[in-house]
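Asker: Got chain A sorted already, so can you dock chain B onto it with the hints?
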Amino acid sequence: MIRFSNVSKKFDKYEVLRGIDLELKEGRIIGLLGPNASGKTTLIKTLLGMVVPTSGDIFFMDKSIRHDWEYRNHIGYMPQIGKYPENMTMGQIFEMIEDLRKKDKELDRDLYNSYNLGTLLQKRMGTLSGGTRQKVSAHLAFLFDPKVLVLDEPTAGLDPLSALTLKEKIVKEREKGKLILISSHILSELDDIVDQIIYLEEGKIVVNQPIEQLKEETQKSKLSEAIATLMSRSN
Amino acid sequence: MKKIIKYVVSDILRNKIIIAYTAFLLLISFGLFIIEDVPEKSLMSMLTMNLTLIPLVSIMFSTIYIYNSGEFIELLAAQPVKRKTLWFSIFISLALAMSISFLIGFGIPVLLFSANTVGITMIITGVMLSVIFVSISLFAAVHIKDKTKGIGVALLMWLFFTVIFDGLVLFLLFQFLEYPLENLIVVLSMLNPVDLVRIVSLMQMDISALMGATTAVFKNTFTGGVGSVLTFVVLLIWLVVPLYFSIRKFDLKDL
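From first to last, the protein sequence lines stand for chains A and B. Position one of the first sequence corresponds to residue 1 (my numbering), numbered consecutively onward. Position one of the second sequence corresponds to residue 1001 (my numbering), numbered consecutively onward.
There's no promise every hint is true.
Claimed, not checked - Ranges between beta-carbon positions, derived for each pair:
1) LYS1249/B <-> ALA156/A: 28 to 34 Å
2) LEU1111/B <-> ASP99/A: 35 to 41 Å
3) LYS1147/B <-> SER221/A: 48 to 54 Å
4) VAL52/A <-> ILE1207/B: 53 to 59 Å
If you are wondering where the hints come from, they were derived from the structure by calculation, not from laboratory data. All C-beta atoms in this analysis are idealised placements derived from N, C-alpha and C, irrespective of residue type, glycine included.
The shape of chain A in the complex, shown without the other chains (with noise of 0.2 Å):
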């Protein structure tokens, strides 16, 4: 469904991303793992057009999404941190994007349900806890039932309790035959619900393999037990 083809990007002379080569299919949670600055945000934010690759391609059904836009409406983004006018409600900016993107499918209020944002349609974002905003990215991600979710490091800043409702959610989408791609440098919260690890560091790609031939490989039954025993390895 996605596919990247030797990516590159460097930023001034720092090279953030080497080379990605890459094929993601749908209906699978895929865990996009690596140390902090190894490139996954870049990675996720090259996908999305927000950051134009050095060289390299990137296809998203077989059509190149250089210069191309209307591939986004088949995606939901969560950012790492969302950035939102301060000034605007809560409210203002549903609204907003529910004019602005296409509605040609029912909208999944599943998440706006669980997480109670009714209650807070008046409150202005700047007054906004992290947690509470990154509630209203998951809501906006999951809104328009795309094809295609980003989470980037989705259950950081939430409760507990929050982030189960979210991880029974990216399950509940994956049988839909949803492709979901998640990063995060936390590797327990995974643990149960990913299929497919790509590991990342020093923007290569290190592992990208299922996670049952990971631990197979590795002889360990817990995946963090699994990439600390890759990485020792490759070191």
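Answerer: Below, chain B alone, put in the same frame as chain A:
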């Protein structure tokens, strides 16, 4: 695109500065018309305002707005919206806001007190100047990432067009006093939208008869049918060129 313009305009209007600016213009314009008995005298003072205050507010407001709306722009860029459409909509919205403020604050008093060629010329050129400086500010803001630096550059640009440029022209004039420079000055005045507007407005006023030989050349070049079209085209170039390059830059910018 209409939808984006709608949201950006409502975002700008939430900013109280634009309303204060309109009120300030209204106050000054009415004040000047009431103090002087001859409307032309008031228009002279208002011309000075047009040539300094309007570019300043236009360029500073737009630049600061762009930097402060980083989040807003980022949020919209992640939606299925074309980058070029997004940037162009921001330009249209800022241009609309600045023009409407100017038309209310300056246009209404002028139409009430002095609805003649001079007044109309000043209204049209004032709107053009407002929009041109929005376009210049977008060009600066899209190229400079740092907010403080960007605002500094915008301020410098304003200073250049309103003060420094004239100083350079004067310097040139005095250096080459013995040579006939009329045609060169005409060309030079096209390189600065503020000067062009000043000349075109002065040409409409009676006092232009009291000026020297260069004025005659100016009068030939910038007044009458052909002259008006020429002025308009030059101002249009000043509007389109920075805008075009800023759109091109924004299309490939990393957010």
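Asker: Against this structure, judge whether each hint is valid.
Answerer: Cross-check of the supplied hints:
1. LYS1249/B <-> ALA156/A: 28 to 34 Å: 33 Å, holds
2. LEU1111/B <-> ASP99/A: 35 to 41 Å: 37 Å, holds
3. LYS1147/B <-> SER221/A: 48 to 54 Å: 50 Å, holds
4. VAL52/A <-> ILE1207/B: 53 to 59 Å: 54 Å, holds
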